[in-house]
Amino acid sequence: MATIELQAIAHRYDSERDAAIGDVANPFAVNTLDQCWPDGGAYALLGPSGCGKTTLLNIISGLLRPTAGSVLFDGVDVTARSPEQRNIAQVFQFPVVYETLTVADNLAFPLKNRGLPKLDIDSRVASVLTMLGLQEKANLKARDLSVDDKQKISLGRGLVRTDVNAILFDEPLTVIDPHLKWQLRTELKKIHQQFQHTMIYVTHDQTEALTFADRVIVMHEGSIMQVGTPQELFEKPQHTFVGRFIGSPGMNVIPCIVDGATAIVGEHRISLHASLGSDFKSSGLQNTELGIRPEYVRLRQEQGLPATITAIEDVGKHVVVRVVVAGHELKAILREGEPIPQQPKVWFEPGKINLYQNDHLIQAAE
Amino acid sequence: MKTVNNKAWLMVLPAILLVGLSAIIPLMTVVNYSVQDTFGNNEFFWVGTEWFQEMLHSQRFQNALQRTLLFSTLILVIEIPLGIGIALAMPKRGIGVSVCLVLMALPLLIPWNVVGTIWQVFARIDIGLLGHGLASLGVDYNYTQNSFDAWATIVLMDVWHWTSLVVLLCYSGLVAIPEVYYQAARIDGASRWAVFRYIQLPKIKRVLLIAVLLRFMDSFMIYTEPFVVTGGGPGNATTFLSIDLVQMAVGQFDLGPAAAMSLIYFLIILLLCWVFYTVMTVSDQNASSNRGRIG
Chain A
1 MATIELQAIA HRYDSERDAA IGDVANPFAV NTLDQCWPDG GAYALLGPSG
51 CGKTTLLNII SGLLRPTAGS VLFDGVDVTA RSPEQRNIAQ VFQFPVVYET
101 LTVADNLAFP LKNRGLPKLD IDSRVASVLT MLGLQEKANL KARDLSVDDK
151 QKISLGRGLV RTDVNAILFD EPLTVIDPHL KWQLRTELKK IHQQFQHTMI
201 YVTHDQTEAL TFADRVIVMH EGSIMQVGTP QELFEKPQHT FVGRFIGSPG
251 MNVIPCIVDG ATAIVGEHRI SLHASLGSDF KSSGLQNTEL GIRPEYVRLR
301 QEQGLPATIT AIEDVGKHVV VRVVVAGHEL KAILREGEPI PQQPKVWFEP
351 GKINLYQNDH LIQAAE
Chain B
1001 MKTVNNKAWL MVLPAILLVG LSAIIPLMTV VNYSVQDTFG NNEFFWVGTE
1051 WFQEMLHSQR FQNALQRTLL FSTLILVIEI PLGIGIALAM PKRGIGVSVC
1101 LVLMALPLLI PWNVVGTIWQ VFARIDIGLL GHGLASLGVD YNYTQNSFDA
1151 WATIVLMDVW HWTSLVVLLC YSGLVAIPEV YYQAARIDGA SRWAVFRYIQ
1201 LPKIKRVLLI AVLLRFMDSF MIYTEPFVVT GGGPGNATTF LSIDLVQMAV
1251 GQFDLGPAAA MSLIYFLIIL LLCWVFYTVM TVSDQNASSN RGRIG
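So the sequence lines, in the order shown, correspond to chains A and B. For the first sequence, this note's numbering begins at 1 and goes up steadily by one. For the second sequence, this note's numbering begins at 1001 and goes up steadily by one.
Just chain A, same shape as in the assembly:
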C-alpha cells in the first residue's frame, strides 16, 4: 500500500502505440495536474466518457508513460517503472481472465509469475477464493463462468498479492447486470474496509463513485474540476460542470446579476445568505450565474418567482417538474404526493444558493 502522488502530470496521444489505447481526437488527454492520494483511501475518478480518467489511471498503473510529469509512490519516483515493478493491480472494464486456466490457477497466476513458494500460493489462493465466495468454482475453467464471476477473478488476481501498492478499477461494473452491480460494489467496499488497500475507481456513473469513494475526483476534458467528499460535491460544486454532472437531475444554473446580498434574475430579486465582498463589486460582476439544486427548489402558491410548468416527470419516489422562470428553464424535485400548484411561484431554500462567475464558484452555499 502506498501514497500516490502525481506531479505536473500531462499526457497527449500522438505516437501510434499510444493511440491504440486511447482516444486520438483530443490532443491533450490529460492537462497538467497535481494530485496526492494518501495511503489506504478509496478514491473515485468521475467524469463523462473521454474526459481522460482512464488515461490518468493507466498513467498511475504504468501502462502509459506520461508525456510530462512524474508519478510518486510513497515519495519514490516510479515514472520509469513497469506496472509489474510498481506492484499495481488493475481491474478492467471487460473481465480479463486466462480462459484455459481454472479459477484457482487464474488467482495463482500473478504469484507464480513472481516465483512464490507453492505453499504460500496455495494458502493465498484459498483465502481469496473464500473472500470472493468462489470456493465451489475453484476447479472450473475460467471461461465457463458468468461475467460477474469473471470480474471477481480479475479483482482476485489483485487481492491475492499481499504487497500490492494500490488496486485500480477501470469502470469494472459496466458489463455487470444491475442487480449484481450493487452486490459487487458492496463486496468491494467491504474488502476495502477490511484490508485498507489504496483503491482508485474510474467510472462515469456518479452513484458508483459517490457510494464507493471517500473522495471523488471529478474530471472534465482532461482537467480535474473538483476533489471532495460526495457531500461537498453535492452542496458546493466548485464549477458549474460539477453541479450539472452530479445529481439527478443536475444543478440548475441560471444567469443572474449580483447586487450586494441580492441576486437579480430577470426582474426578480432573490436574497442571498451573505453579501459578496466589496472586491467583487469593484471588479464588476460579469457572467455571474446562480446555481441551485432541484432538491432545494420549491413550488408554492404565493411568494416567489412566477413560473410556467413545461413538463412533469414522475420517476417513482419523487416527481421532477420542469418550469420556465424569466426565460430560463429550471427543474424542481417534489416529493411523491406533494401538490403541484396551478400558478406556481418558485422559491429557493435560503442558504442553498451557489454563485458562479465564469463557471467558477465565488460564493458557496451555507
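Mixed in with the good hints there might be a few duds.
[Unchecked claim] Selected chain B positions facing chain A (in silico; Cβ < 7 Å):
{"no.": "1", "residue": "V1180"}
{"no.": "2", "residue": "Q1183"}
{"no.": "3", "residue": "A1184"}
{"no.": "4", "residue": "R1186"}
{"no.": "5", "residue": "G1189"}
{"no.": "6", "residue": "A1190"}
{"no.": "7", "residue": "W1193"}
{"no.": "8", "residue": "Y1223"}
{"no.": "9", "residue": "D1254"}
In case anyone wonders, no lab produced these hints; they're calculated from the structure. Heads up, the beta-carbon is just placed ideally off N, CA and C, and yes, glycines get one too.
Assemble chain B onto chain A, guided by the hints.
Structure of chain B alone, referenced to chain A:
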C-alpha cells in the same frame, strides 16, 4: 391431418442435383470399379474385396503411404511453428502491416504447377540459383540423383508456398485479441512465454485447428509440385500416394486397383482429419483437469 409443405424439396433440388452430379455419382462409379475387374470390351466381373486386399498387402502401396505420411508430418512440424512464429513477429499497426500481408499472400497466389516449375528451375545444378549456388559452394547437391536432396527440395518448396497460409490464419487470430489482455498480463507480471501460452495460444486455437487440417489435407494430397520437380524420383523416392495413383490409373490403366486405392486414400484422409479434430477439441476441454501447471 398435418400438412407438409413439399415445396421445400423443390428448393433444395438444384443443390441435390449439383452435388449428385459432381460428387456422389463419380464417387459411386469409383466404388463400382473397385469391386469389379475388366478385360476390356466393357465386360466386368465381380471380384468383391479382392482389390482392396491386394492393395493393402501391396508393398508398393505401403511404401507410398509411408512416404506421404512422412511428408505430411514434416510439413506440419515445420510449417505450424514457423507460421505461428512469423505471425507473432508481424507488426500489428502501421504501414508494415500491409507490406507484410502482401508479401505473405504472394506465394499463395501462384498456381501449383508454376510453383513446381519455379523450383524445378531454381534447384537445377546447371542454371538454377539454388542448385548452382550450392554447387559452387562445394555442396554436393543434386535433387535428380540424391533422394535426400529431392526431399529437401520438395519440403522447402512446400514451406515456401504454404507457410503463409498458417501465418495469415494465426495473424487474424492474434489481431483479434483485445489490448486489455496484454495490459492485464503486464500487471500480473507474465513472461513472454506465459503471454503466449495463456493468452495468445488459447485465442488462436480455433484458427490453428483450421490451419492444421488444411495443411494436413493439402500435403497428404500433394501431387502437382513434386510431379513437376522430381516426377516421383529419383527412383520412387518422392512417389507419394497421389503420384502412384495416377501412374496406376492412367499409366497402367489398372482401373480396379486404382479405384480401390482411391477409396482407401480418401478414407485415410477422412480418418486422420477426424483424429486431428477430435484430439485438438478434446484436449481443449480436458485442460481444466490439469491443475497447477503454469509457465
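**Request:** Could you check the structure against the hints above and give me the numbers of any it violates, in ascending order?
**Result:** Violated: hints 7, 8, 9.
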